[in-house]
Amino acid sequence: MVMRAPAVLCLCLAAACSAAGRKNSLAPLPAGADGVAILCGKVLTVDDGDQIFSPGMILVRDGKLAYVGERKPIPEGYRQLDLGNAWATPGMVELHSHIQTGGWGDINDMVIPVNPELRASAGLRPANPLIQRACAGGVTTLFGIPGSGTSNSGFGVIYKAKTSGTYQDVVVRDPGGMKIAQSYNPERQAGDLGLTRAGLWYILEDLNHKAIGAIREKRKDPALANLERVHERDLPVLIHCAGSDGFPAAARMWKLEYDTRCVLSHGCFDAHATAPWIVATGAPVNAGPRTMDYVVTHNGAITGTAEKYLKAGAKDLSLNTDSPVVPQEELFLQGTVSARFGADAYTMLRACTIHPARVFGIADRVGSLEPGKDADIVIRSGDPLDPRARVEMVLIDGAVQYDASHGQVF
Amino acid sequence: MARSLLGFLAFLALLGAPARSQTSAQTPARAPAAGERGGPGLALLARKVLTVPFEGVQFVDNAVLLVKDGKIEAVGTKAETAIPAGYQIVDLGDRWLMPGMIDLHSHVAGTFDINDMVYLCNPGLRVSCSVIPENPRFKVAVAAGVTTVLFIPGSGVNMSGQGVLVKTGLDRYEDAVIRNPGSLKIAQAGNPEGWTVGVGRSFMNFDLRQVLRRGKAYAERWKAHDASSGSEAPEKNFDLEIFRALLDKKAQISTHTQIFQVVLTTLTMLRREFGFDVFIDHGEMAGYKLAALAVELGVPVISGPREVEVPTRTFINWTGSNPEAILGIAAEYQKGGVKMLGFNTDAPVVPEEELPIQATVSVHYGLDDSQVESVRGLTIIPAITAGIAQRVGSLEPGKDADILIVTGDPIDPRNTVERVFIDGRSVYDIAKEKRRW
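Heads up: the protein sequence lines correspond to chains D and V, in order.
The first sequence begins at 5 in the numbering used here and counts up one residue at a time.
The second sequence begins at 8 in the numbering used here and counts up one residue at a time.
Don't take every hint at face value.
List of simulated lysine to any residue pairs, SDA-like, C-alpha gap at most 20 Å [unchecked claim]:
no.: 1; chain 1: V; residue 1: K230; chain 2: V; residue 2: K257
no.: 2; chain 1: V; residue 1: K441; chain 2: D; residue 2: V300
no.: 3; chain 1: V; residue 1: K146; chain 2: D; residue 2: V299
no.: 4; chain 1: V; residue 1: K441; chain 2: D; residue 2: M296
no.: 5; chain 1: V; residue 1: K441; chain 2: D; residue 2: V299
no.: 6; chain 1: V; residue 1: K342; chain 2: D; residue 2: M296
no.: 7; chain 1: V; residue 1: K342; chain 2: D; residue 2: H410
no.: 8; chain 1: V; residue 1: K346; chain 2: V; residue 2: V64
no.: 9; chain 1: V; residue 1: K342; chain 2: D; residue 2: A393
Since the hints were made in silico from the structure, they are not lab data.
For reference, chain V alone in the conformation it holds in the complex:
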C-alpha cells in the first residue's frame, strides 16, 4: 500500500514537473518600470516635498525628486535640479511628497500567534517566522502610507522575543525584511502580571534582571573572544544570541512601558544599569512626567496607542495622574524636552492605517508642530530610533525610494495618499485600483 502510494506520488510529480516549467516559460519577467531597480530613472515633480532630514531644512517647494534603481538619487527645486535624459517625468501638480511612514509598534505583519507564554522571559523567540508579507492588514496600511513597521511579539510576558523590521507593500519576505532581529521586546509591566496565576512587579523586575545579566555576560564573553585571537570560543547559547546584537548597538530594546513607576524602571534598569539602546515604545499615561530623565539618558519616546490622558477616575488613577483637562501625551513629552518623539499604533489596537491620525490627534492636543514634528515623528524619528535611518525615514539621496504622493499636508486627515512607492516600485495607485483607505 505504502509503495503504491509512493509510486502514485512520483507519477504525479512527473506529471507536474513539465506543467510547471511550461507556466514559468509563458510568463516572462516584466521589464522594470521607471524608478525600479534596473529600470529607467523617474522624475517626480511636486508642489512640496517633505524631505524631513534629521537636521536642516525640512522641505523643498516646487521640487523635483529623482529616483533611480529603487533609491532616491536627488531632490531639489525645479529651477536647480536637472533631469537627466531618458527619465520618465511625472508632474504631480499641487501634490506633496513625503517619506513612507514607520510604525515601531505593530502586531499585524502576519499571523497573530505573538504570545508564547510558558516562560516569563523568552529572548530567543523570533516573531519573524509569523510574517506574511502581503497580508490584508498590510494592504490597507500601505494605502495609508505606512511602509515600514517593527513587527513585535505581544506583551503577555516580560520578554516575549525578538521583533523584525519589515516593509509593508512587498510580496516577498526577502525583499520586505529590513533587519532581523529588529528589536528585543520587553513588556516592563502592565500586561505580564496576568502570567499563570499572576506575578507582581517586584518578581517581574527580579526575573527580568537575572535574564538581562546572564545575557549581557554572555555577550561580553563573546566580545572578549572576538577581540583576542586564539582564545577558546564560549559555548553557543541561542537563547541569548540577541544580547550580542544589543551589546554591539546593532539592535535596540523596544519596551511596552507606560505608567510612571514602570517607565522609571525602563529608564533606570534597561538604560542606566545595563546600558542598552532602548526606546519607550508604548508612551502613554503618566510616563511623560519622566520626560527630563528620558532626555538625560538619551531614550527616544514613541507615543501611543493612547495619545491622550483623559480626566477620568478609572484605573488610570493609580498612576497618580488625574489631570483636569485632556492632555496630549506627545505634547507633554515635548514640553518635558523630548525631541526624539514619534508615534505608534500598537496595531491592531489602533488600526495600522491610522498611524498618521495619531500625529493629528497629538497636534490637536497641543503638540507644537512648527518644525513639522508631526511628520518627523512618523518618519525620521522612528527611523533613527530603530537604527535604520541609513535606509528609510527621509527623502535624501541614497536612501530607499519609499515615497508617498499625498493630496496635501499628510497630517490633515482630509487629505489622501494617492500613490505609494517602496524601493521605487509602485505598490499602490488609486488611479489604477479601488481606493483602499
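Looking at chain D on its own, in the form it has when it is part of the complex:
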C-alpha cells in the first residue's frame, strides 16, 4: 500500500535530478575519501517525487549521499554493504522531544514565566541512554526542547541521535528554534499573573512587543537576541498548544499577528475540530503525542487527529512523541496509530521524515534520501510503519550508529 502509486512515478522520475538540487554521482571515489555502497531490497527516498527503488543502491561519500537510485555497477573505491531484502528509509525527524538531558529533569526553569535567554543545549548530554534507544528506533534528528512549565521556556537545540560522540559531533543547529507553551501547563501557580489564558496571552504579547521594539530601535539586549531572530523569521518556533481553545489561539498570535515560522505542536484533545481554520492560516501542524481523541468530543467514536488535519488539507503535517511522554523510539508507531485511525500510511511516513525537516528548515540536510544530503539512513526488515518490521541498522552522517546484529535494542 505504500508503494503502489510511487512505483509508477519512480520509472519516469528516476533520471530526473533531485529536489535538493544535486545530481546523483557515480564517479569513482577520490583518493582519501571514505565511501560505502549500500545494496538493499527497497529504497524509500521520501523525496518530492516519492521515488522508490526496488532493488536499490545508495552511495555514501564522506558522510553525505552521493547516489540514491536503482542498482548500478558500484564505482571504483566504494566498499560494498549488501543488506539483502531490507528496506532503506530516511532517518526519522522528531520536533518535540525532551530526552536531551537523559531523563525527565533539567528542562523546566520555572521561576519566571518567560525565559527567551535560556537554551536547552546547556543540558544536552549526547548519546545518553534515551538517545541511544531513539537511534535504535530509527530516529536520527531531534529538536531537543525545554518543557512547557512556563509560557516561554527558552530555545531548543537540533541534534543527531548518534550513539557516541561529543557535543560538536551531534549538534546540527543551536539555537534550533524557540519553544512556546500557549496553554495547558504554563498556567502560573505562583501567585503572579498568568493563572488564566488571558494572563498567559498578555505575558506573551508583552514579551513579543519588547523584542519587536528592540528590533525597531536596534537596541542590543542579550536576553532578547534569539527572540528577535524568531521575529525576523530566522528561527522557527514550536508551540505547545492543544484543545479547540489553545490551538487556534496559538495560530492567531504566532501566525496571523506576528507571522513567525511557527509550528503548532500537539494539537491534541478536540483541537482537530478547528483543523480547517488552522490549515487556512498556513501554520503547519506537528501532531502528537496523543494522536487520537475519544474522550473530549464525547461522540462515541475514536477520531484519528492526523486524519482530521489531512482531510482539512494540511500540508507538511508532522508527528511527534513529546518523548519521554511517548518513548522516542516509538515515533514510527505514532504514524502506525494515525494510519490505523484513517490517515494515509505513506503520508504518515512523510510526517515522520521530510515534513518535520521542511517546516524546521533543515530539509537541505535531513528528512529524505537525496544526493547531497546527510547520509542518515535507517535499514528496516520491512515497511517502516509496520511494527513487525525491525530496525536492523542505523547510519548517521554515513557512520553505523546501531547494528542489530550486535544485539537488538528495540
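Using the hints provided, position chain V relative to the given structure of chain D.
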C-alpha cells in the same frame, strides 16, 4: 399496613401483566439472517482466509467460506468451492477473514468483584456469577475481534476460584457461555503475598499443596465410586467438585505465574506432582528460562500482559534476570522450543481490545512469525489450551462461525476489524454503526 401494601402490589401486578404480554405480542421474533441458526446459508468471498487449523496449511487465498446454522460449513478456493443455491453471497474484495480471537486471561466479563480474600484457597468459588454478557468493555473487545475470553477471578489469593469461558458479543448468558467451569485459577505467587498481614512463598506452597491433595483424593474417591456399581457414594463436597473436572481433564488450571522460581513451582507441583492439565497464563519476566521444561511436561504458555523484558534494575532484578536488551517474552519461549504459545491481556491490565497488539509487540521483539504464529497464538493455540478447539479457534467445517472481517493482516495494527460474526450472527458492523475501535 402490610396487608394493604400487599394488596397494592397485587393490583400493580394485575395492571402490569396484560401490558407486558401486549408488548411481547407487538415485537415478533425477527427472521434469522443468513448464516444464523435457522436462517439461509451465507457465502463470504475474501482475498485471504486465515483458517489456522492446528496442523496443515494455515490459509486459503481467493477463498469462499460457507456459513450455515451458525456453524462453518466449508472453506476453500473460489474455483473449487460450489456455493449452494439460496445462499446469500457477500463479496469482500481484498479483505481477509480469520477466526475470532481468544483471550485466556481476562477480568472484564462483568462486575469487578473478582477477589474474595478471606481464605487463601477457594476452589469452590465461581466467577460466572459476575458475568454481564454485553458490558461496555466487551462492546469494545468484540469490535477489536476478541470473541472468546476465559473470565477468571483475581490473583489476590492462591486459589481464587473457577473461571468461565464466555463469548463476548452475545446478549444472553446462556448463549455466551462456552464452558463452566472454564478453569481453576491459581495464583502461584506474585500477588497473594499481600494476603492479610502477608504470607511467604513456603507457606503458600504448603497451603496450596494441602488443598490440591485433598481435592485430588476427593476426585479419586468419586472416580472409584463411579467405576464400581453398588459402592457407597462419597459425601458431596461442593468446595472440591472442581477437582473431578480436573481429574477427568474436562477443565484446566490457569496459573498466574511469572518469575523463574514461581514458574518452576507451577511446572513441578501442578503438572509433574499432581498431573493436572495446567497452562502458564501470565507468561512474563524470566519464566521463559524454563521453556524446555514446559515443553517436556506439555505445558502451554500464554504470554502477557507484559510481552517484553526490559533492561532495568528495578524489582525485576530479583528474578535473576537483567538482560542488556529488550527481550520479547514470546520470542524467548519460542527460542526455548515452546510451540503451544499464545497471548493474553490480563484485561483490564492491558485493554481487552489490544489483544492482537500483544502479538504485534511479540513479533516486533523477535517472535518468528513465518508460520503465522502470531495469529495462531490468538486463536487455535488458546482454543486447544483451554480444551474448546472443537468449537472455536480456527475456521474449519463444523466449528462455530466466529469470524472476523479484517482490512488486511490482523497483526498489522494499521488494519481494522470491519465486521464480526459470532455463531453466524453479525454482532458488529462498522458499515451500520460507529466504529468502536
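A quick look at each hint next to the structure:
For the hint pairing K230 of chain V with K257 of chain V, the CA-to-CA distance comes to about 14 Å; that is within 20 Å, so the pair holds. Annotation: proposed proximity of K441 of chain V to V300 of chain D holds, straight-line Cα distance about 17 Å (limit 20 Å). Distance restraint check for K146 of chain V and V299 of chain D: the Cα-Cα separation of roughly 17 Å lies within the 20 Å cut-off, and the hinted pair is therefore satisfied. Restraint check for K441 of chain V and M296 of chain D: the C-alpha separation of about 15 Å stays at or below 20 Å, so the hint holds.
Taking the CA atoms of K441 of chain V and V299 of chain D, the gap is near 15 Å; set against the 20 Å cutoff, the hint holds. About 36 Å separates the Cα atoms of K342 of chain V and M296 of chain D, which puts this hinted pair outside 20 Å; it is violated. Taking the CA atoms of K342 of chain V and H410 of chain D, the gap is about 18 Å. The hint holds against a cut of 20 Å. For the given pair, K346 of chain V sits about 16 Å from V64 of chain V by alpha-carbon distance, which is consistent with the 20 Å threshold.
Distance restraint check for K342 of chain V and A393 of chain D: the Cα-Cα separation of roughly 19 Å lies within the 20 Å cut-off, and the hinted pair is therefore satisfied.
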